[in-house]
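Engineer: Residue-level listing of the chains:
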Amino acid sequence: MNILIADTWLREYLQTDATPRQIKDCLSLCGPSVERLKEVKDDVVYDVEITSNRVDMACVYGFALEAAAILPRFGLNAQLKPLTISNLQTGRGIEVAIEDKNKLCNRIVAVALDDVKVGPLPEFMRERIEKSDIRSLNNLIDITNYVMTELGHPCHVFDLDRIKTGRLVIRYAKNGEHLVTLDGKKYELESTDVVIDDGTGRIIDLPGIMGTENSVVTNQTKRVLLFIESNDPVKIRKTSMRLGIRTVAATINEKHPDPELAKTALLRGIELLQKHAGAKVVSPLYDIYSKKTVLPKIKVSTEFINTRLGITLTKTQIAEFLQSLNFSVSEEAKTILEVTPPTYRQFDIEIPEDIVEEVARLYGYHLLPNRIMEGPIPLLPRDQSLLWEEQIKKYLKYNGLTEIYNYSMLSTDLLRKTGFSENTSLKLANPLTEELVYMRNSLIPQMIKTISDNQNQKNELMFFELSKIYLPRNNNLPTETTKLCLGYLGKTFFELKGIIEGLAQELGREDLQVKPITTDTQLFVKNQCGEVLLGTETIGVIGLVKKNIALNFLIKNNLHLADLDFEKIVTLAKSTKNYVPLNPFPPLVQDLALVVKPHTYFANLVKEIEKISVLIKKVELLDEYANTKTLRIIFHDRTKTLEEKEIAPIRQKILKTLEEKFSAKLKLNS
Amino acid sequence: MNYNLEFRGDLNKVKNLNDLEKLRLEYFGSQGKITQLTKSLKSLSPEEKKEAGRKINRLKNEIELAFSQKQQEVADRNDSGWIDVTAPGIKPREGHLHIVSLAIEEITRIFEKIGFTRVRYPEVEWEWYAFESLNMPPNHPARDDFETFFVDQEPSSQYGKIVLSPHTSSGQVREMERLHQPPIRMINIAKCYRPNWDVSHVPMFHQFEGLVVDRGINITHLKGTMDYFAKQFFGPNRKTRLRPFHFQFTEPSFEVDITCGVCLGTAKLADGSRCRFCKEGWLELGGSGMVHPNVLKAGKIDAQKYTGFAFGWGIERTYMMKSGTKLDDIRLLYSNDIRFLEQF
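Just so you know, the sequences run in chain order A and B. Numbering follows the working numbering, in which position 144 of the first sequence is assigned residue number 144; successive positions increment by one, without gaps. Numbering follows the working numbering, in which position 105 of the second sequence is assigned residue number 105; successive positions increment by one, without gaps.
It is possible that part of the hints are untrue.
Below, a list of computed lysine-lysine pairs in the PhoX-like style, where the Cα atoms sit at most 20 angstroms apart [unchecked claim]: (1) B:K50 / B:K39; (2) A:K299 / B:K305; (3) A:K174 / A:K103; (4) B:K39 / A:K491.
Calculated directly from the structure, the hints in this document are not laboratory data.
Produce the complete structure using the sequences and hints provided.
Structural biologist: Written out as structure tokens, the structure is:
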């Protein structure tokens, strides 16, 4: 949270020559971060970021305490002007019954005052709270806000006559109970919310968060109950967040302010009500202190502190830093200190490391040297899949593909439109929107959507995504496995297949194959798709997306996808290349134009041809037109230069075999 | 036979590059006339060889000279024509890596140089690794369901509910468990998830998490490492500072700031106006701190013997700060609009 503190108000509690800029710079380095200085009229306002563990600094006095410790470290004189509150004269006449049987509050302090006169506060006080961004209303409300801003504990003032019964019962709400807050909004409560009831079942407050309409002071108020409770921070946060009531009081109370402070705040409140509203105390001071905390005592050695700081401080220096922050320090043994924090730090200081932090920041992080670790560098194998990932991404980029990153979550609608089932996807319990309900179990749905979203920009698109998918398992975390998805719009099957063949080569594998899928599949057009294999291992699928699915995304052009199992690819990739000695003899090349039956697979022709002779090193598809496939056959011998006459019988055998197996006939040159 | 005369006759007939190549093979090829002539020397006596060799050499030189002159003449004739060299070239198709991939690679390289090894841990994670082991008890605000995504699946009695990890810090105890003992120097880069989706938040983002655990690790090492990274990544003229902060899993905790690259830490632009890119000369890089002893204990590492530091920063944010890419809407990063993607 951020708070705003006026410089003139700060100086009421801090004697210093430091300028606002110096205060900002010094405190940011060693204490609360002052994010900005704002000039307001003839004053300067500090905009201070308060971390959740240091709610004690979320007020003028707490900020002054820090400044008094930190500024002298920069050679600037600074001294706290302690808060002085005159002794309370308790009164008589009114009795209030406060009940907290279940100890829902840590502490409750309250006092009744009579004869209040509603009106404005003095201008300088109104300006102060307004500089802290709090709207001035009337003296009664303003005083509660003034005390909170000054001392850091939220407080509340009831119209005592509007409570009617004079009873305040702290209890859990019942499910479905309602209350109307002082700003006129109605809320439904749950059984985990804490409320105050007047003993008749009528709710008169949402403690620690906001007052209710039925008990708040009005312009007619004569008698008030000044009421401060120290709440359970977790309950405050849960109720405040669920109901969406994010008052300053709630944001302070959920950070567990010091219960000791509750009484100080009450006394300060009484003082101000007496002075600025003419109030008279007419009751005893009620103080129900259910959960009094015991201050922690922490033993810490100078060595412990110094080894964590990386420099050497003396015991005296350490003690001085801590004492400047109002910690009490006693010498436990020669090099061991026993440290007790002030009450306002009791929830924040628990272990020796907390003491290290206090010493280190007071010494000044900026004064510590910069060093790199001297110790041995852990010798760990690098994750091969991360290295391949980088290489594959670069290969694809340099071959014209553009990388996309989609969210890991997707919608029911997208799953359905692409024919995927939500039953096999991990579901979120608290999805943010309908767009992000399931963890994806495939990269395909969002690839199709991305192509659809971009199809108006270009006629041809070439995208890839390399990302994890999530496969649910019973009683366990899902399997997270990495997939590589490629999407081509307006390109041919062979352009997509070619990039994958090239990729396989990049990974040291020449043996990529596509095995035709001739049965019906959910996504791809039958006979225009296949399984992708590296050697004998299936690594994915490739194919033309069914028109019906494409049309769900208004995609009219041909859409080809490949979905590959990246983790399998990594296990099959070769990072070392094998050297084959160069053949000193030239190869012999023969081209055969063959007329084959429709739907004859080139791969099957190759398989048969390669069986025929060891001299056949390679069979390429030179050209394809109608039912004619022109094959180029490369013969090569390691022992001599091959001559036509040696090849002639092999060629005959090839033709014979192909005729037998595929009814292939040599096309005569016309 | 007068080779010279014959050659000159043949040479005169050469009209083009084809004729030239034919002539070259006829005389200088492996079966060519000059080659044959040289081979015939073998059968001669040493004295005869000396004399004939000299003659052949002279012949060869003369013929070669004539040939090269002819080659020049024919080749020059060939080198004619005009092209518009100012017309555009034929480019290979340009692809693009996503800005997040670029950032991850660069950040990984920097930390690898000082001995960090990149690792990856589950994104869908047990509450125990995401919170409990990091000293974040069940009531910690980050564990509310408006701060963290939960998975709709039965919780484990041992590890709690399943969440989408809201930070890469979940990898801290996993790394301690993997290695069993220090030294640890990991850089964990992964996707993280939080339920925020507006102009400055995306429900999925990336973090890089550093973790160092060893004997004698102290705040100066954290400072030095942060400063090293900042200078490598942003430039040697940038300065860093630590400010006190609070995280559950580190103690002490720090916010790391770097001087603004626009105003160079002066908070003022050249024209004297206030720099709007930074907070008074400084930019927040991210959080860091000394590993909390409870976290070391959760990772079964002796907190008496070993200390460590950790940091976990947003990839997107860090990279944006470097490149000065000011996205008015961070959601653009994951909208996959090709007009955006093609700019990187």
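Engineer: With the threshold set at 20 angstroms, check whether the alpha-carbon distance from K50 of chain B to K39 of chain B stays at or below it.
Structural biologist: Judged against 20 angstroms, a Cα distance of about 14 angstroms means the pair holds.
Engineer: Regarding the pair K299 of chain A and K305 of chain B, is the alpha-carbon distance no greater than 20 angstroms?
Structural biologist: 18 angstroms, holds
Engineer: For K174 of chain A and K103 of chain A, compute the direct alpha-carbon distance and say whether it is at most 20 angstroms.
Structural biologist: 17 angstroms, holds
Engineer: If you draw a straight line from the CA of K39 of chain B to the CA of K491 of chain A, is it 20 angstroms or shorter?
Structural biologist: At roughly 59 angstroms apart (the allowed maximum being 20 angstroms), K491 of chain A and K39 of chain B break the hint.
The structure fails hint 4 only (numbered hints given earlier).
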